[in-house]
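Novice: Whenever a hint applies, use it, and build me the whole structure from the sequences.
4 protein chains.
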Amino acid sequence: MTPSALWSKYTEIRDRTMALATPLSAEDCCVQSMPDASPIKWHLGHTTWFFETFVLERYEASFEPFHKAFRVMFNSYYNAVGEKHSRPQRGLLTRPPLPAVRDYRRNVDERMRRLLERPANDDALRSLTVLGLNHEQQHQELMLTDIKHLFSQNPLKPCYQTPESYPPAPPTALEWHDFEGGTVQIGHAGEGFSYDNESPRHKEYIQPHQMASRLVTNGEYLQFVDAGGYEDPALWLSEAWDWIKINQHSHPLYWLGKDAGWMEFTLGGVLPLDLNLPVVHVSYYEADAYARWFGARLPTEAEWEHAASQQQISGNFANNNRFHPAAAVSAGLVQIYGDTWEWTQSSYSAYPGFYPAQGAIGEYNSKFMVNQYLLRGGSCATPSEHIRPSYRNFFPAHACWQFSGIRLARDITMC
Amino acid sequence: MTPSALWSKYTEIRDRTMALATPLSAEDCCVQSMPDASPIKWHLGHTTWFFETFVLERYEASFEPFHKAFRVMFNSYYNAVGEKHSRPQRGLLTRPPLPAVRDYRRNVDERMRRLLERPANDDALRSLTVLGLNHEQQHQELMLTDIKHLFSQNPLKPCYQTPESYPPAPPTALEWHDFEGGTVQIGHAGEGFSYDNESPRHKEYIQPHQMASRLVTNGEYLQFVDAGGYEDPALWLSEAWDWIKINQHSHPLYWLGKDAGWMEFTLGGVLPLDLNLPVVHVSYYEADAYARWFGARLPTEAEWEHAASQQQISGNFANNNRFHPAAAVSAGLVQIYGDTWEWTQSSYSAYPGFYPAQGAIGEYNSKFMVNQYLLRGGSCATPSEHIRPSYRNFFPAHACWQFSGIRLARDITMC
Amino acid sequence: MTPSALWSKYTEIRDRTMALATPLSAEDCCVQSMPDASPIKWHLGHTTWFFETFVLERYEASFEPFHKAFRVMFNSYYNAVGEKHSRPQRGLLTRPPLPAVRDYRRNVDERMRRLLERPANDDALRSLTVLGLNHEQQHQELMLTDIKHLFSQNPLKPCYQTPESYPPAPPTALEWHDFEGGTVQIGHAGEGFSYDNESPRHKEYIQPHQMASRLVTNGEYLQFVDAGGYEDPALWLSEAWDWIKINQHSHPLYWLGKDAGWMEFTLGGVLPLDLNLPVVHVSYYEADAYARWFGARLPTEAEWEHAASQQQISGNFANNNRFHPAAAVSAGLVQIYGDTWEWTQSSYSAYPGFYPAQGAIGEYNSKFMVNQYLLRGGSCATPSEHIRPSYRNFFPAHACWQFSGIRLARDITMC
Amino acid sequence: MTPSALWSKYTEIRDRTMALATPLSAEDCCVQSMPDASPIKWHLGHTTWFFETFVLERYEASFEPFHKAFRVMFNSYYNAVGEKHSRPQRGLLTRPPLPAVRDYRRNVDERMRRLLERPANDDALRSLTVLGLNHEQQHQELMLTDIKHLFSQNPLKPCYQTPESYPPAPPTALEWHDFEGGTVQIGHAGEGFSYDNESPRHKEYIQPHQMASRLVTNGEYLQFVDAGGYEDPALWLSEAWDWIKINQHSHPLYWLGKDAGWMEFTLGGVLPLDLNLPVVHVSYYEADAYARWFGARLPTEAEWEHAASQQQISGNFANNNRFHPAAAVSAGLVQIYGDTWEWTQSSYSAYPGFYPAQGAIGEYNSKFMVNQYLLRGGSCATPSEHIRPSYRNFFPAHACWQFSGIRLARDITMC
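Protein chains in written order, with this note's numbering: chain A, 2 to 416; chain B, 2 to 416; chain C, 2 to 416; chain D, 2 to 416.
Since the hints were made in silico from the structure, they are not lab data.
In this text, all values refer to a predicted model and were calculated from it rather than measured experimentally.
Please note: incorrect hints may appear among the correct ones.
Note that identical chains are pooled: a pair holds if it fits in a single copy or bridges any two copies.
Stated by the list, open to error - Derived DMTMM-like pairs: lysine to aspartate or glutamate, alpha-carbon spacing no greater than 25 Å straight-line: (1) K85 / E232; (2) K85 / E240; (3) K246 / E232; (4) K10 / E386; (5) K85 / D243; (6) K158 / E65; (7) K204 / D179; (8) K204 / E181; (9) K246 / E364; (10) K204 / D412; (11) K246 / D37; (12) K259 / E221; (13) K85 / D233.
Specialist: Structure representation (structure tokens):
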């Protein structure tokens, strides 16, 4: 990438972040609705802190932080960098005010511009910048999921954006695609950017299996609900059962009441539940229980990546500004990319031969490699250029505020 | 009070509320820093809800709520009125935006004006209006204590207002004032407004005792700290000891670090701890432990009221806009009113013959008559006209985010 | 009391403790069913520790503890004595085995005998011994309430003793006894033993009022339950309402199911609920709510003591070995003593002029003087000689595993 | 196996269970020291319940439960069987007394004998019996770990058995054994008993790697402790760091004080920490952190099983009655079996093609397949005939009360 191409990419992504915050008031940007989520203002500050800390501090001749306190306030979890503001207290930061965080962004952007314009800019600078941009794209998705969660808690059920109306689109029938067993290669291949946790590319042995042609729909999931799925302990992992009972879950996170028919809270406000669309905002626990009830299972990450690497990367991404899954209307193996993240049965661990990057950047991915499960393929809240076959997203089994859905798989011997 | 006098009082108090919010951004007004505190925006809405619910709904010919959802959102604890928004979730209400709550205030004010202007306005209307104004004054004080708590959690340690500088003022020596024993009367007397919990006026027998001439100072309290007061279980009630250990308290709430000398967080930001000023933001537990260490005790509420009823109501109140206690520089029994609330050893209970008001208004005071302790005399955050000798404030023994301080008493036989 | 009379009293009370443990296995004696309760074995050890620590250590010429570790294990809350075993972990002490604790008792008894036989035994020794015996009687009552709680948790619903059958005994009608207002004296008077918290005797002013002739019965309380008492927030203190909702209380602690009619768990196992008997095992919250529903209130401790001091001390005490309240079948002001402890509306605080005893013994009562409410009159689990008009028992408002019941009072002006 | 061989195996294993309880009093057997552990009496009842429920109920002509209430009390987690006694309340069951549980065992044993003697006994009966015996062996190990935990909480630090003295045995040097990469088969092979979760045997691809010749010793782990291992967040997974900070861990579970040198609590009481022995009672978090600090990693389960299947099954098992790991004194790849369970980096999930057994038995293993990590090889508390190369034990990452230790692995490219 030429220096000017990098700078152009930089401004495009940084502007997109601000554009996502446009529909929101300073109040909306300030509040944290649960410990797992962060305020929008914090996302705006933290993504900027990332460039300031990992790029400017290293490359600016006479580095001065924009504001000393921001160094702590906007650090997420990088112990090697120093003190961190306690995560559950991010929502108390009414100061700095939102305009001051915008100033912080502009200041860092200007300093980044000067750095990237320098003739001598080196590979490490460029690759740290690219890392920062990928990091920013991840936070773009979190901004959408976090504001959705906040708004869902509000009795006024605010709209993030005006809901558009889409014609009814009955999904294609669910079909099963066969995959042979054998040794396959997974992990990042090629030249483009990838995270350290996607490497090294390595061999895995997969069994003969089938994958469902598309995501599970709301209509299909509703059958599970109506069949008493949430009342039958035999369908649930032991800790999943505890989770649904303690939290009194009896349907996906954003489904609402059912007296006047099922509704769903979306970024366009409360809408009737569209049975054609993929079910979304389910936890690993729910995805696993649904699969068991159906007589199938979740794919492994190797199975998923093997299938995905044979597909074009296209789908319903955040670039559409729809921010909601869409129905599967084409034949073939579809919705692999976009719409919803797909839970796999694989827990998050290091690939054989993996070693984390040196220094604080090495904390990016590797310190979460326990008690998390892998999601693949991106969602309607993911920027399209952010995704690739080897991309590994991960969340705890109870997480459901992400755009997470279900693709089924089954062993070939089942048929 | 004439109708126009009442309306004039109404506008004065309602304007004061908005004036207190002036230094704050919409972000500052939105956030809740702990379950005991409420966001400023919620205070603005709730005090308005009070007039809408208890006055307008009863007196307007064709009552329509300003916004149906506000009826739930801004209800604090009145079960008889209907559903309530969960207290710990008040900080999630980024919508309605602050300007909409200001509109709500203006709308209700205008409707109140029309009501109060009516020739036929009756005693009950007028007395509910006065109740609403007193209620609003209580929330004015809470706005100050809640914003102080929020700002204290922020690493930027923001100022609510520019700190003024006061000349050093060494306090007068602590002296003991004698009071004879015998039957006294306490409870509200006379014509003015009072809450139901101040009645009926009744007899109590008090013992011969002494009261300290002024509040305990920071300097005196620091001696207790330096003497290891927070490390000696013999000085603490059993549950107080658990409280300081679990919460790791070793000094009053807003005292800070001591490496470079003790500092104190105030509404004017972080300032050096002024040893001349009264200690403030102590819990009942701390007030009780300090008194035990000193060899004294806290006064009973009857003792306090008996002494206070012989004093002029004057002192360092919120009207000063100082919002911080001041040193006692006069002789005699001083600081009875203003500066800090004074913990008494009396738990909050009904006076003999007490019956709460009928209907939802009856929930105002009586449902809190367990496990709370009485504070008397108002503080630097209390409007001066809000206080009277019989005024009973009450908080749980662990509460320390109020402007609460210590006046000592002792039995006459001690001397 | 002569030395031999004291020793005879000592053996009588110490033997009674062991007799209470007779129906229990070593397993029954070892387990702790909740943090508020203690295992029987711990009670046996702790009452012995009390004599060893406060008497033997002071009076034996060459004191050696029976077992060094017991000094920590059996200390309840005396900080001045040294380390304590964590209260919630008392149930983990499977060692020492029960016989070793019996040996500990015998050893300390023998050493106490030698001490009390000495010609030179002094007043302080004798009064500490008497304190130890009164302490032991308190634990006799706790043994009964703690084993009742443990057995209530067991699906086998074991009997502590064979239930005797009593003929049906309809209670006398509830009548109201008038008491004039005026200055009365309360607090311990006379020569016998009393705790420090019953002194000094002092004056209080009481209002004209009425007291109910007897305790509230199960039948009367059931009317409150059937009338939806547990579903109406207007009847409950705010924190009481939270308590019944969080803990899902809808009836007194040991009432069971109601499908086949109400049953009650007793020390004689599960029996049909006898509507003639006093309601028992209610919390302060429940007593207060019942009184509000009835249109009455709880008595103050001064009112109670004033009435009680005019009565003979007789009633249904632990000496009967019935361990359950009995119906009120006589006319007059009855059941003042025995049957159930009677909640008063008074919180536990120091009498005017009170100073705790010096040293560790001073921790006995005074460190609990916050957030507890007074109960008066003893119960069917209290030894008769342990009670007196001035006796002050105290528990937190939520406590209901004690034999606590309800006597109503009301202001004279109500009539 | 002939009927008489099966009955002989049955009595041998059932007797062994009772023998393990012999050193314990009824009190020791009754108490539960934490929710993860169970009382010994409950283990004795539950293992018996297993035969009664899954064998007798199915095969006895006119089945009558020994005691109806035991059906609920001794059910662990089998939802398909009916109600369960709440796990954290297992320690409240002072009744039935221990002798009654022994009677229950004898009764079920006698009925099992009659069943197994029948000429017509079928394969399913025999295989359910074998399952019950394997289940009982698992509980034999839990009895040892649970009693160890209970005793560790007791200030008297009781001995389960008299400690024997072993001559000092310096371990062999740590060496690395090479393994080639390629497709291997893992999962149960052959005729003997295995759990459903060990099947089907299937292929996995493993990378070239090395495994350490023996377990990590106390001496080696102490170097990690002394180097500040518990103070450096860079060494710990993010949730591991939270875990050690919240629980204030700074060394393995049963290490004690270090003022007078490190000691260790064992089933033979408190002994000096033997630096020659394998470190034991470490969590997955600690095993992972140690490996990272060392510059290695934990093996995967496929790597482990591949190596183990080339070894003789012999080692320091429960049969020795030593119940503590022993030093590695031989050359080669040693301690694969016995001494301590070995944490792998693999999370617990279904093998490809796995389907759980039908009915309640299907709940045995499969419902725990989330957020647990695999341990392999058995320990000094495991019966030797219970283990095999394909055996999969699993516990949550924080579990440390099992005899769990560390074997290191590393990628071949590291060298």
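Novice: Please write out, lowest number first, the hints stated earlier that are contradicted by the structure.
Specialist: none
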